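Participant: As a plain string of letters, each chain reads:
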Amino acid sequence: MKVIFRRPESLSVTPTHYCPGCTHGIIHRLIAEVIDELGLREKAVGIAPVGCSVLAFNYFNFDFQQAAHGRAPAVATGIKRARPDLIVFTYQGDGDLASIGMSEIIHAANRGEKFTVVFINNAIYGMTGGQMAPTTMPGQVTTTSPRGRDVNDVGYPIRMCELLSSLRTPAFIERVAVHNPKQVINARRALKQAFIYQRDRVCFTFVEFLSTCPTNWGMSPVQATRWLEENMMPYYPVKNFKTPEFTEGQNAD
Amino acid sequence: MKVIFRRPESLSVTPTHYCPGCTHGIIHRLIAEVIDELGLREKAVGIAPVGCSVLAFNYFNFDFQQAAHGRAPAVATGIKRARPDLIVFTYQGDGDLASIGMSEIIHAANRGEKFTVVFINNAIYGMTGGQMAPTTMPGQVTTTSPRGRDVNDVGYPIRMCELLSSLRTPAFIERVAVHNPKQVINARRALKQAFIYQRDRVCFTFVEFLSTCPTNWGMSPVQATRWLEENMMPYYPVKNFKTPEFTEGQNAD
Amino acid sequence: MQIETVFAGFGGQGVMLAGRVLAEVGMKLGKEVVWLPSYGPEMRGGTANCVVIIADEPIASPIIAHPRDTVVMNRPSLEKFCPAQKPGGYAIVNSSLINIRPDRDDIRVVEVPANEVAIEAGSGKAANMVMLGAYVGVTGIVPVEAVIEQIKEEFQAKAKLIPLNITCVERGYDIGRAAAGYCV
Amino acid sequence: MQIETVFAGFGGQGVMLAGRVLAEVGMKLGKEVVWLPSYGPEMRGGTANCVVIIADEPIASPIIAHPRDTVVMNRPSLEKFCPAQKPGGYAIVNSSLINIRPDRDDIRVVEVPANEVAIEAGSGKAANMVMLGAYVGVTGIVPVEAVIEQIKEEFQAKAKLIPLNITCVERGYDIGRAAAGYCV
Amino acid sequence: MGRKAKVTIEKNRCKGCELCVTYCPKQVLAMSREINDKGYFYAQVVNQDACIACRFCGMMCPDTAIEIAVEEPEKSEVKADG
Amino acid sequence: MGRKAKVTIEKNRCKGCELCVTYCPKQVLAMSREINDKGYFYAQVVNQDACIACRFCGMMCPDTAIEIAVEEPEKSEVKADG
Amino acid sequence: MAKILMKGNEAIAESAVRAGGLLYFGYPITPQSEIAEYLAHRMPEVGGVFLQIESEVAVANVLYGAAGAGARVWTSSSSPGISLMMEAVSYIAAAELPCVIVNIVRCGPGLGGILPSQGDYFQAVKGGGHGDYRCLVLAPCSVQEAVDLMPLAFDRADRYRNPVIVIGDGMIGQMMEPVEFTEQQFPPLPPKDWATTGCQGRKPNVINSLYLDPVEEEKLNFKLAAKYEQMKKNEVRYEKFRTDRELECLLVAYGTTARVCKTAIQRLDDEGIPTGLLRPITLFPFPEEAIYELSQRARFLLSVEMSTGQMVEDVRLAVGRSKPVYFYGRAGGMVPSPEEVVDAVKRYLAGGDR
Amino acid sequence: MAKILMKGNEAIAESAVRAGGLLYFGYPITPQSEIAEYLAHRMPEVGGVFLQIESEVAVANVLYGAAGAGARVWTSSSSPGISLMMEAVSYIAAAELPCVIVNIVRCGPGLGGILPSQGDYFQAVKGGGHGDYRCLVLAPCSVQEAVDLMPLAFDRADRYRNPVIVIGDGMIGQMMEPVEFTEQQFPPLPPKDWATTGCQGRKPNVINSLYLDPVEEEKLNFKLAAKYEQMKKNEVRYEKFRTDRELECLLVAYGTTARVCKTAIQRLDDEGIPTGLLRPITLFPFPEEAIYELSQRARFLLSVEMSTGQMVEDVRLAVGRSKPVYFYGRAGGMVPSPEEVVDAVKRYLAGGDR
Ligand SMILES: Cc1ncc(C[n+]2csc(CCOP(=O)(O)OP(=O)(O)O)c2C)c(N)n1
Ligand SMILES: Cc1ncc(C[n+]2csc(CCOP(=O)(O)OP(=O)(O)O)c2C)c(N)n1
Ligand code: SF4
Ligand code: SF4
Ligand code: SF4
Ligand code: SF4
Ligand code: SF4
Ligand code: SF4
Ligand SMILES: [Mg+2]
Ligand SMILES: [Mg+2]
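Here the protein sequences come in this chain order: B, Z, E, A, R, S, C and P.
Taking the numbering used here, I'd label the letters of the first sequence as residues 9 to 261.
Taking the numbering used here, I'd label the letters of the second sequence as residues 9 to 261.
Taking the numbering used here, I'd label the letters of the third sequence as residues 130 to 313.
Taking the numbering used here, I'd label the letters of the fourth sequence as residues 130 to 313.
Taking the numbering used here, I'd label the letters of the fifth sequence as residues 6 to 87.
Taking the numbering used here, I'd label the letters of the sixth sequence as residues 6 to 87.
Taking the numbering used here, I'd label the letters of the seventh sequence as residues 97 to 450.
Taking the numbering used here, I'd label the letters of the eighth sequence as residues 97 to 450.
Mixed in with the good hints, there may be bad ones.
[What the hints assert, rightly or not] Pairs of lysine-lysine residues, derived as DSBU-like cross-links and limited to a Cα-Cα distance of at most 30 Å, are as follows:
(1) P/K288 <-> C/K419
(2) Z/K51 <-> C/K288
(3) A/K289 <-> A/K254
I should point out that these hints are in silico values taken from the structure, not numbers from a laboratory.
Because the structure is a prediction, the values reported are computed rather than measured.
Sequences are here, hints too, so could you generate the full structure?
Facilitator: In structure tokens:
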């Protein structure tokens, strides 16, 4: 028998602390797979955010830094400017990236820092117990929007891909999802593309993952995948927003 | 003889500390004129940034707060949430708003805070002596880009109107200029519109002014108006980006 | 007099609620009380626990290294908390899920098949109330009637759960009373 | 021995440069020197000034409440700095722009029509060098040759400005020398 | 896809989320009635023969509890879906 | 626009930026050869009669040094260009 | 009113609402998110404002704005979040604006952990932001005291036009205790005639902290310094516990550790070692004189903290070299047990490890 | 090498470059923007990195990343900008990363003014961020000393894996003085085998400050505390001026005010009032013992600061109640003159206003 699917080398054996069915785990695996596949493990530096994935450094088999809440893009800038030869990615939740870290992500993107951002949009603050995120859906009940997100009071959810795409500099921006196998396959492709662009020092690369938080959404993991599909997908279209034009040749691996 | 043009009531007599020909002064006057015209002086609260206009509170004849660098939109949020009946505007430079204050402006805009932002884009840090701003033009020489802004190293200038327009919530966004009388007339119209929307509690309102900094651009005021026209206008189109659709009726004053 | 009780179990077993009910009852009886949850890293997925202190005098330190009593609903909790109990204290052990006993002869241990009892009463989710009832039964720390009153108040919004929970408290109480004899 | 000199004028009159040239010369002569600009709110538009200290011993405090000498290029500067001078000091006054005199009889005042002299030499912008030359002429604080050497170095990149500036220093120096007699 | 496949689920890694079970196109998997060491009802293989080695279960498992093997070696071996 | 206009420039408010002079469509204004109290060459009216009261000079003046009056009262008086 | 059992965080929130703290802006962080969550429910009921802001940096500047517009405004956070407020707190103090900031301290430095700590003492008391300023700092040791101190915090903030920090730890925030809400009476406050509320009928008001003229800026600095002296005169608060006797040791501790110390003192009494406690309730102003006075009755002092030694400096400042001042601290979320305190006292009594 | 006349800010920048501080990230702020401007030219010449970052909050986190990747990295700012770095500085200290932060202090609190001040003493010395951490703090009093201390700052940052703050004031930054760049020798440093540089041939490295287990977090806290004790033992630096005699008064002052004090001492000598100066060069660790020792030779001490009284607390801590410690301060950009210091000394000598 030949093994055709197993834990990638870049992922450590340590079991995660994530709740059952939380798609953080799927995204971790995709990153590890892509890094293995591109042979980048020994040059990789991941950056863990503050959020449920704060312990991500325990789950990967390569170097990691743990960043202050929202500042992972600044930390990545520091690493990459110090060592442009390293492969650097941030892993950030929506509270981390789209709320407190808004300035850092926009400016890193706009400087065209050549690292990869893995952005986990689960429409909520997972780690702190389910408060409203900038990405929380209209009407969605959270612990700090107990009557549902009121767009007249706090505005509409922020779409980071759209926002970043309006800047001229950042060149690879894509939104993907991981709530069913088809989406996972597509997500993996996009993620790999991002790392290739980084490896080839082409551009800033950004991949947004629609992700679930069964615990704070108050539903089963399977329900959560459906809720994501029905509620988030229409507002957060899964698609490529930007691909560097001038580098078609480099796309192939 | 009938006076048809004079210093508006909302502007104080105090001479400004601005350099000769700096268009900060023109924009100050426009604000004062609009506030006078709408009869809002006694309800107005301006917010001065950190930047050349840090002393703006000396130049207007109504209440003012001086905000920390970049945080004027947060300060405005506080005032407006405390006293929704007041007419609140921030006055911010491009270093203030587009660099250090990026997070605050995006989130205030996205919450739809009902104040007005007067954004002064002069493509440079004026007050601190001419360092590069996020809005500095490609190739433009500044004290921190002595070889000209290198877009491969620090990216392209940020266009705030375009960036904010990609958000769903903020509804009135316009870019204007003040480097010749025609532009001034247009700018005044847009600014007035913004204050009307605020007064009627319709939406977040944002007016970007292309402005000159003769001192740090190293040219005469008149040359500066031409440099702006030739270099900034093509990259920063003067136009309305967003107008609330649902409020046509309220547009008239 | 001051009695400290640790309620501990898996997250989701309802140990926090059980402790809180006891604290509320203590307060209403005019005692000094503190309810202190652990909110450490173990919150997500792992074990949950809280300490309830009931005392006649103002409570000085809410940090209890050596509680008198424990109410443990799973094995890790027993392993963690029973060794630290004061001699002479009580340990109420959920024997439905725990197949060991505290390795001590200076505390009084009562085994309660809480999950079985609760399932029988209508839902395994109310095992915490069985444990609470048993604890009250064994120790007499507060009158069981007061606990039942508190349950009514607690579940006001979900009234249909009241009978189940009361039944569980009562059945636990009976087990506790019965055990009180031999365990003392 | 320690001599403190304030160079003051409008922004753009070149007082900072004049002071710096003096400090450089002092340093090259093996003296202790400090050049301290005011960088306060007056920077933009208003007056500019710097203090130069030249001393034989290490300089303790660079903050000089009472300078010995002043080189003032406009009226506000005269009004601000001359009253604080030490008795016995020198005040070099740009009479092209200042039509008053310091209201003191314990300092030695030399009036220099610096702008006129500079315009005559080729450009009013070099009035600062006239003032510097005059100051050196009056006080002999450093040899004028050293100043001229420094000017050459200073304007290395804009070599065509060297002759003008040297001429201005020299003319100022002559005025200063001539005045040295009567003002002492 | 007709080749024989073997899906292995590491019982004590499983958190019982049911994603693999739900997204397996061939009902190869089902949840257990017992709990594992962590206290979860875990996923198990109940119909190995129906497996088409599509790897969907592995792709959906957040806890890398699943390993999939096939009888004949293939070209792109460990690559999951690249 | 044919009515008589009077433009007044407050000499010591002027910073000599030349914007009014440059953007006056009728060359009504010019820079002085003398400096004002602040040390600037200031703008002055040199050809009042040519003025068409377009207010451009006032609009461009960053220092509100300019006041403009016309002979007959108009409808929208103090409004500059609204 | 009957007592109700309430979690510290929720009780703080309720007390603030009752004290008229009707504008709350905050950003979630453990172990104090229950404050925001409670207010998300509660504020709409009382016509107040609850708004989640994008970051702590912004929160503190929103406070500035709202306070400047005359509102009773407050926030809460925990250590790293408080660090992000430092620039704005310095602005608030400089502009003399009133606001209340609750810090439910967790372990640091860095991301640290979420367990209780007293590691932010210096930051709160010496001023973690730039420049010469101080905050009034209140440190409750129980849920009831937290409830009682909130109205005081708002009153003093308004009275002194100064930020007031209420410093708790995860224990105070997470613990449930019976509480009673009693209305507190304060002397009338002066009108906020400096607030930017529109200049109708008066000259424009300006909220500002910029003074380019050093004479003016120094005036502000000296004015602020004088205000802090006023606080030192009028606001010192502390509790004495078993200090009315000759003491072997005077313990000094605040918040949670003070409660631990009380238990330790009871045990030490059992062993015949008379020990007392001075519990500062205000950390700034610090009860220097009270400590100095009591110190004269004790053979030595022991500062007990959940830190590696911060308040101990203020204790030493109070006592000078007149009596030995020792330190016992646990850190990282470890809470000293009464036994440990007892042991430490005995160790130093025996001429122990110092 | 011949001396050259250089502005403090530029000299600091040049010295850092020569010390291998080849990665600089910063954000403009008066009175230190010349540092960035100088480096914008200079870094490309030496293959270093100069990058203007969007804010000070981000700058400090960029330092964290770059330091974690093994680089010699530094920044500079002034008071409000430093306040914005507090969270990250706490992270850097917790993760034990080396970096150098230059603070050219201006007046605060709030926006304040751009004139020189020493109002950030507490922030630098006690740790303005959350949690138990300390920075090594170096305070030059001349351009030459600033130049000399930069290589030391980098060395000690690397050696202790700790942030080092170089604290100047506008005076130091703006003033020109003759300087000489001499190469300094330091013992070899251990390799940065903890840095995240790719895990080729080794186990993965993690840069982190999160410890959910209180036992681990406490270990970190105690480890850090031990490191700071090491610093106290090995790094104390100070200058004595005219202290080798019986003194009427011992002045304590650092940076610019120390120079003022020296002039004052000369004048006091002229008047026959023997006075000495202890100038701390390291503010943390503070030269406690040296001050205590010297204090025994003086009738009283006077702490002279450009603040309303900060370092004076550390002087008092050093001296205890054994000798009176007075304070003379100017603020808001006002610099005390030698005359004022002379007067203050005489006033206290006469049993003056205290
Ligand atoms: C400065 C600061 N503010 C707040 C927090 C508390 N905090 C921790 S995680 C988090 C939000 C996490 O949400 P998100 O980024 O969406 O990640 P998720 O947990 O959903 O994956 C917050 C607010 C913190 N640690 N530091
Ligand atoms: C926290 C902080 N960082 C930096 C500064 C210094 N600073 C003052 S103004 C300014 C930039 C001003 O530029 P801009 O906002 O474009 O306004 P302008 O002067 O061009 O009108 C900076 C960086 C400050 N005061 N506070
Ligand atoms: S709280 Fe939500 S995001 Fe966090 S681990 Fe659980 S399910 Fe995932
Ligand atoms: S520096 Fe530039 S922006 Fe500032 S006042 Fe002068 S011209 Fe205007
Ligand atoms: S490989 Fe495909 S068919 Fe086989 S068990 Fe997994 S999901 Fe089902
Ligand atoms: S997807 Fe993984 S964790 Fe979830 S049930 Fe299946 S095997 Fe278990
Ligand atoms: S009003 Fe028009 S025409 Fe008259 S001076 Fe002004 S710009 Fe010229
Ligand atoms: S525009 Fe105003 S300031 Fe400029 S020259 Fe004309 S009058 Fe003077
Ligand atoms: Mg999230
Ligand atoms: Mg600007």
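Participant: Now tell me, hint by hint, if it's right for this structure.
Facilitator: Hint check results:
no.: 1; hint: P/K288 <-> C/K419; verdict: violated (45 Å)
no.: 2; hint: Z/K51 <-> C/K288; verdict: holds (16 Å)
no.: 3; hint: A/K289 <-> A/K254; verdict: holds (14 Å)
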